[in-house]
Amino acid sequence: MKAVTITDFGAEPLLTDLPMPEPGPGELLVRLHAAALNPFDWKVVDGALKGAVEHGFPLVLGSDGAGVVERIGPGVIHFRPGDTVYGQFMNLPYGRGSYAEYVLAAENGTVARMPDDLPFPVAAALPTASVTAYQAIEAARLDTGHVILINGASGGVGQSAIQFAALQGARVLATATGDIAGHLRDLGADETIDFTAVPTAEQVLAAHPEGIDSVLDLVTQPGGDIDALAGLLKPGGTLVSTNRAVDPDALAAREIHGVNLVNDPSRKELESLAALADAGKLRITIDAEVPLADAPAAVARARAGGSRGKTVILL
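Residue numbers (the working numbering): 1 to 315.
Keep in mind the hints are simulated off the structure, nothing from the lab.
Backbone N, C-alpha and C define an ideal beta-carbon position, used for all residues, glycine too.
Certain hints may be false.
Claimed, not checked - Simulated restraints, written as ranges between beta carbons of each label pair: (1) K2 - D117: 24 to 30 Å; (2) R267 - G51: 29 to 35 Å; (3) P199 - N243: 16 to 22 Å; (4) E202 - G56: 46 to 52 Å; (5) M20 - G280: 33 to 39 Å; (6) D264 - P58: 25 to 31 Å; (7) D17 - D227: 49 to 55 Å; (8) G178 - D17: 41 to 47 Å.
As the list claims (entries may be wrong) - No farther apart than 30 Å at their CA atoms in a straight line, the calculated lysine-lysine pairs in the DSS-like style are these: (9) K43 - K2; (10) K268 - K281; (11) K268 - K43; (12) K2 - K50.
With the hints as constraints, model all of the structure from the sequences given.
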């Protein structure tokens with residue numbers, strides 16, 4: 001089978017031939033039809049988990065994908081050949097990933113059935129970005145009428161987070177450059193903030209001097225200056241970081257609830273998000289669709305930034 005692999009940390013991703021995997025006990029063999037790029041994919045190449053998790057090389061890149069169950073191993077009871085499924089397929093110790101024609105998945109892993117009418121590219125774009133957004137908005141503890149700032153709203157996580165927050169009846173402030181501001185408002189943002197003009201915190205304080213209820217920060221890295229965003233919150237407010245940039249104890253001393261969110265999807269959440277997307281209640285912006293042979297170049301482009309939606313590999 002064809003797959004995009006690396007032979008070591010820092011190596012150039014290459015299209016290669018690998019043996020067809022065989023499902024063992026409790027495993028599914030999935031014929032993938034689409035895989036989605038996420039920033040974590042190239043962070044793995046750079047060694048983000050080196051020393052923390054064993055890596056099997058050659059390592060197939062990618063986590064998110066959607067396809068059809070080809071075969072099942074002994075003991076599998078929840079899936080059958082022909083089921084359309086999607087989820088997260090990265091398994092670093094075994095060198096498995098979703099930039100491949102076929103992949104193995106554990107029946108009890110992060111894989112779920114998807115509606116038959118949901119396009120494979122849309123399903124493939126959901127697991128990491130939309131689950132992260134869903135869990136982040138849940139962690140933000142929103143109620144009807146609450147005001148939330150989504151910092152870094154133009155990417156896949158941000159665009160889904162806008163929609164989830166709006167569904168909860170919140171007033172959504174979203175950072176955006178002028179070329180995407182209209183699209184974010186169409187997704188449900190009530191106000192857009194051009195962070196290239198004046199610092200975001202200054203603009204939010206000017207418009208909401210009484211403070212806001214929640215901040216979802218998708219931008220600040222560990223060790224970065226998150227204090228200005230924390231200063232926007234009312235006592236009892238919540239600051240959620242997807243980059244582990246929050247010190248919960250320090251924020252608690254300021255009467256702010258701090259959360260470092262780690263994506264951890266359940267099958268129930270995957271099924272719920274697929275149903276929302278299938279019903280048109282969760283819109284996914286696909287920026288580009290590329291064949292597997294062009295995936296290494298697509299990774300290089302995505303690293304450079306500038307994408308306004310998901311890049312999906314068609315298999």
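Going through the hints against the structure:
1. A hinted range of 24 to 30 Å holds for the C-beta pair K2 and D117, which are about 27 Å apart.
2. A hinted range of 29 to 35 Å holds for the C-beta pair R267 and G51, which are about 30 Å apart.
3. About 19 Å separates the C-beta atoms of P199 and N243, a value consistent with the hinted range of 16 to 22 Å.
4. Checking the proposed 46 to 52 Å range against E202 and G56 shows it holds: the Cβ atoms sit about 48 Å from each other.
5. Take M20 and G280: their Cβ atoms lie about 37 Å apart, and the range 33 to 39 Å holds.
6. One distance hint, 25 to 31 Å for the beta-carbon pair D264 and P58, holds here, with the actual separation near 27 Å.
7. Evaluation of the 49 to 55 Å hint for D17 and D227 yields a pass: the beta carbon distance comes to about 51 Å.
8. Between G178 and D17 the Cβ separation comes to about 46 Å, which falls inside the hinted range of 41 to 47 Å.
9. Taken as a hint, the K43 and K2 pair is honoured in the structure, with Cα atoms around 22 Å apart against an allowance of 30 Å.
10. Taking the CA atoms of K268 and K281, the gap is near 17 Å; set against the 30 Å cutoff, the hint holds.
11. Proposed proximity of K268 and K43 is supported: the alpha carbons are some 28 Å apart, at most 30 Å.
12. Distance check on the hinted pair: K2 and K50 sit about 25 Å apart at the alpha-carbon level, within 30 Å; holds.
The structure fails none of the hints (numbered hints given earlier).
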